[in-house]
Amino acid sequence: MHHTSPRAPRIRRTAALCLALLAPAAWAELKVGVILSVTGPAASLGIPAENTIRLWPTEIGGEKVRLTFINDASDPTEASKAAARLVDEHQVDVIVGPSLTPNSVAAMEVAGRNGTPIIALGGGGVIIEPQEGPRKWAFKMPAPEALSVRTVLDHIERSQLKRVAAITVTTSYGEGFLQTLRSQAATRGIEIVASEHYNAADLSTTSQVLKVMAAKPDAVYILSFGTPAALPHMELVKRGYKGPIYQTHGVANAQFVKLGGQEVEGGLLAVAPVLVAEQLPAEHPTRREGMEYVSRYEGRHGEGTRSLFGSTAWTALRWLENTVPEALKAAHPGTPEFRSALRDALEGMKEVVTPEGVFSMSPGNHNGIDEHAQVLVQIENGRWKLVP
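In the numbering used here, the protein residues as written are 574 to 961.
No lab work stands behind these hints, which were simulated from the structure alone. Owing to the predicted nature of the structure, the values given are computational and were not obtained by experimental measurement. Note that beta-carbon positions come from the ideal geometry of N, C-alpha and C, so glycine has one too. Certain hints may be false.
Claimed, not checked - Okay, derived cross-link-like pairs now, DMTMM-like style, lysine to aspartate or glutamate, Cα gap no bigger than 25 Å in a straight line:
#, residue 1, residue 2
1, Lys902, Asp917
2, Lys902, Glu924
3, Lys789, Glu730
Unchecked claim - Restraint ranges, calculated between C-beta atoms of paired labels, are given here:
#, residue 1, residue 2, range
4, Leu628, Arg956, 16 to 24 Å
5, Pro898, Ala759, 39 to 47 Å
6, Pro909, Arg627, 24 to 32 Å
7, Pro936, Arg736, 54 to 62 Å
Make the full structure from the sequences, and use the hints.
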């Protein structure tokens with residue numbers, strides 16, 4: 574006859590309770606929501622970012638990663654809806670993206686109101702400034718407009734040029750660059766002799782280019798992004814403009830070069846150093862990280878396919894690898910406490926090296942990039958060449 578110890582039910586109940594307490598840690602997943610523009614005018618930004626995120630490891634900080642991708646089709650309204658879905662339906666721990674500044678702002682508003690950290694891939698300072706309200710939950714890695722414009726104006730001054738024209742896309746990204754250009758040019762004695770605007774979906778910029786050329790500028794600075802930025806550049810060249818043409822880091826991808834072809838040869842832009850990782854001095858702090866990313870990405874997608882926008886997604890990974898272990902000390906993924914701890918860890922990052930630069934955050938600075946974040950490059954024979 575089988576006898577059961579009177580202590581057995583108590584032991585089983587105790588064991589069941591222990592398993593229940595351990596379950597969240599054992600079964601927890603780090604849920605990452607990803608919003609990217611893989612169609613529409615910004616597809617050349619979103620596609621390399623998606624390709625990069627698909628190269629991420631399956632675990633971060635010992636936690637299994639569950640990725641949920643949503644395409645916002647380059648539309649800020651869709652980005653806002655995507656952020657709401659990720660927060661409400663998927664209960665993500667962090668959002669990575671969107672690709673564009675206006676879309677990042679739209680998603681930031683939703684994420685911040687719901688206490689979810691967001692690592693935006695858009696470039697505009699308006700995503701994180703001023704540091705109040707929902708923006709306390711937002712972080713971005715592209716260099717601020719001030720650093721990018723300074724790099725370009727340094728080159729303009731070295732070239733002894735004085736008269737600059739601007740052609741700006743009508744988005745918050747373009748306007749942020751234009752305001753910065755006006756401010757910095759005024760302190761250097763550089764005159765902005767013409768300023769024209771166009772929409773990202775426009776099929777022609779002939780009138781804007783003719784007005785710019787009539788002002789006889791020494792150089793033209795196109796403040797735009799992706800393939801739409803090729804339109805005024807190509808038109809300037811076709812109309813016979815011979816001065817230097819500068820772009821922002823918003824065109825730092827192979828598709829821009831392929832689309833522009835011969836017409837964008839000689840174009841100059843201030844960009845993250847990853848674009849010319851092999852050409853950097855050995856002592857440059859981002860060279861090793863940049864080379865690793867380029868090797869991984871081009872090993873999968875082919876030589877010359879690297880882009881700034883893929884690299885920013887790799888930087889997002891490096892940030893999470895640095896901060897998730899810290900947040901796990903406070904709580905498990907899937908909880909408000911974890912999301913809050915992750916936000917705090919992102920804000921507390923110090924000397925985190927990525928292909929984009931070296932990052933040290935603070936409560937007043939949710940970009941935190943250092944002076945190594947921008948180099949000047951030129952398009953030469955369809956490739957990026959570091960300008961000494």
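Distance restraint between Lys902 and Glu924, which requires alpha-carbon spacing of 25 Å or less: 21 Å, holds
Hey, Lys902 versus Asp917, does the alpha-carbon distance stay inside 25 Å? The given pair, whose Cα atoms are some 12 Å apart, holds under the 25 Å limit.
Does the alpha-carbon distance linking Lys789 and Glu730 stay inside the 25 Å limit? 17 Å, holds
Within 39 to 47 Å: is that where the Cβ-Cβ distance between Pro898 and Ala759 falls? 46 Å, holds
Given the hint of 54 to 62 Å, check if Pro936 and Arg736 actually sit that far apart at their C-beta atoms. Given a distance of about 41 Å, which is not inside 54 to 62 Å, the answer is violated.
The hint says 24 to 32 Å between Pro909 and Arg627; measuring C-beta to C-beta, is that right? For Arg627 against Pro909, whose Cβ atoms are near 29 Å apart, the range 24 to 32 Å holds.
Hint says 16 to 24 Å; check whether the CB-CB distance for Leu628 and Arg956 agrees. Given about 23 Å between the Cβ atoms, the range holds.
Checked against the numbered hints above, the structure breaks only hint 7 and satisfies the rest.
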